[in-house]
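With the hints as constraints, model all of the structure from the sequences given.
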Amino acid sequence: MNQSMNRLTYIGITIILVIIVMAVFAPIIAPQDVTVQDTANRYAAISGGHWFGTDDLGRDVFSRLVYGSRVSLIVGITVTGISTVIGMIIGAIAGFYGGWVDKILSGYIFNVFMAFPGLLLAIALVAFLGAGLGKMILALCIIGWVGYARVMRGQVLKVREYDFVQSARALGASDMRILFTHILPNSVQPLIVQASLGMAGAVLSEASLSFLGLGIPPPNPSWGTMIESARGLDVLYNSPHVFFFPAIAIALTVLAFNFIGDGLREYLDPKQRKR
Amino acid sequence: MKYTLLKIAKQIGLLLLVVWTVVSLVTLLIELVPGDPATAMLGENATPEQIQNFNHTHGLDKPAFFFSYSGEKGFDWHGADNRYADYFGGLLHGDLGKSFRTDRPVTEMIWERYPNTIKLAIAAMFVAILIAIPLGVVAGTHKGSLIDNFSSVIALLGISLPSFVIGPFLVYIFAVKLGWFVPTGSLNPEDIILPAFTLGAALSAILTRMIRSSVIEELGEDYVRTARAKGLSERIVIYKHVLKNGLIPVVTILGLQLGVLMAGAIITEKIFGWQGLGLLLLDDGIAKRDYRIVQGCVLVISVTYILANTLTDYVYRWLDPRIRLN
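Going line by line, the protein sequences match chains X and L.
Using our numbering, the letters of the first sequence correspond one by one to residues 1 to 275.
Using our numbering, the letters of the second sequence correspond one by one to residues 1 to 326.
Hints were generated in silico from the structure; no laboratory data involved.
For glycine and all other residues, C-beta sits at the position ideal for the given N, C-alpha and C.
Possibly wrong hints are sitting among the right ones.
To be verified - Cut-off 25 angstroms, straight-line C-alpha distance, at most; resulting in silico cross-link-like pairs (SDA-like, lysine to any residue): (1) 73/L <-> 91/L; (2) 135/X <-> 73/L; (3) 177/L <-> 81/X.
Said to hold, decoys possible - From the structure, some residues in chain X lie toward chain L, with a derived Cβ separation under 8 angstroms: (4) 43; (5) 44; (6) 112; (7) 233; (8) 251; (9) 255.
Given below as structure tokens:
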């Protein structure tokens, strides 16, 4: 395996582990209450009391960053998990049954979903359904499953022609048994890579929607809303750290998931390993 | 020929399906919004007459669909005189309805902003090409070198950094620290530079990666060896032969990305106050709960997206005879 890519994958895993620890132990790690305002202490500089300074309402930026990691991870994991499962099932059905089922699913439904810009559809859905964690997850799942379904369909089309599947069929195994015990376990590999890259996409989409005011409603902290409230000119001029810390957090998280995805792809695909 | 006609018919069919899906989805979502648009626009203190007038002006006094269902009455057939059919009827004449808040035709509002978004998307594409071609070629011709690693890092950063991080960062450097540009606005010609860099960053990263691997692949082809054997300079070999062939897949990505840029422009327009379709959608549509504007903007952006994808397919075929003949 390419050594530098291997190193980057480990860096990615380390970053994600740190974020998971941050999210799980947020109440212990965060030194202050994230909603408590201290207007006399707005935009405070970095200090022993406020490691990353304070924001426009005097709230501790480090504590909000730590709690914000929860939102990013919850959205990333839930959206990727649900989208992968839905995509896997629908893609497998399209690929396995073929015929008119495949024509409707991959010929119409996949194409129509792929024809929309994903972010636009998510924005429209959240705009109508209203802001909130559950609704945002729903919107992101609605746009997210198609990518997995397409990959799964392609895989199933290939695997269903393999000898062991034909043998199982000859032995009289039912469709469900063939699909779930023979085809699916041999088709999920590319989905694992796609899911790790999809986590980066889900984290980015959550932050984008929150940035646009369509995500987590205030005063709950989200990295996207933290950036939105810190991008004013006076803030950038006088207290740029309020902008930079959440920006670095998002960039590192997305970068880490991309490292892991690229590493997994190299690891699972021998052809890529040789290059 | 038969194949081409079939393909065109299929793509027109898909376009119509997308339009139908967008209109249906948005109509359904409007029905799901809690409260009615009249109260949202006129406020809680509006008189019944004002509400009636509002509903009449915007056709909201008609049933939403061909039929409705209620637990007591079961299915109730309303006929063709409904909001859903009206919207499609209007669409055939290029009429996207009127803004709930200002009564202005949505088509007019969209055409006012549309050129700005297209301008921004094309400028972003231009920026991306300007960065990606030299960086991708140098990285590809110097595989494994310092500059190759540098281009990989730049590409990875471009992909990982969202526009709402890059945008304010560019504002911080070039508007706050250096004072070269104004931080927001779309009045002067130079105002497009920061938004175009922000929107084009991710695309430049994707293109750099593609051009790099394309150049590496093409350098191993026989025609390159022949060109070198003829005594052509390395510069001519790279820019006249390798790049010409290596750019074909890039064209596809560029076309496909035009639609992505249109959608991505929503965030960039918000960061820089760029008066495009995205800002119309966010500020006039979503923030003011003017769903006619939301419906129109979503439709126009989606149609542009799919048209860009379709056109790309044809340009790709035209550029690469192997695909055309297949």
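Here is how each hint holds up against the structure:
1. 73/L <-> 91/L: Violated, at about 32 angstroms.
2. 135/X <-> 73/L: violated, 31 angstroms
3. 177/L <-> 81/X: violated, 43 angstroms
4. 43: violated, 15 angstroms
5. 44: violated, 19 angstroms
6. 112: Holds, because the Cβ-Cβ distance from residue 112/X to chain L comes to roughly 5 angstroms (cut-off 8 angstroms).
7. 233: holds, 6 angstroms
8. 251: OK, holds: residue 251/X within 8 angstroms of chain L, min 5 angstroms.
9. 255: With a closest approach of 4 angstroms, the residue 255/X hint holds.
Violation of the numbered hints given earlier is confined to hints 1, 2, 3, 4, 5; the remaining hints are satisfied by the structure.
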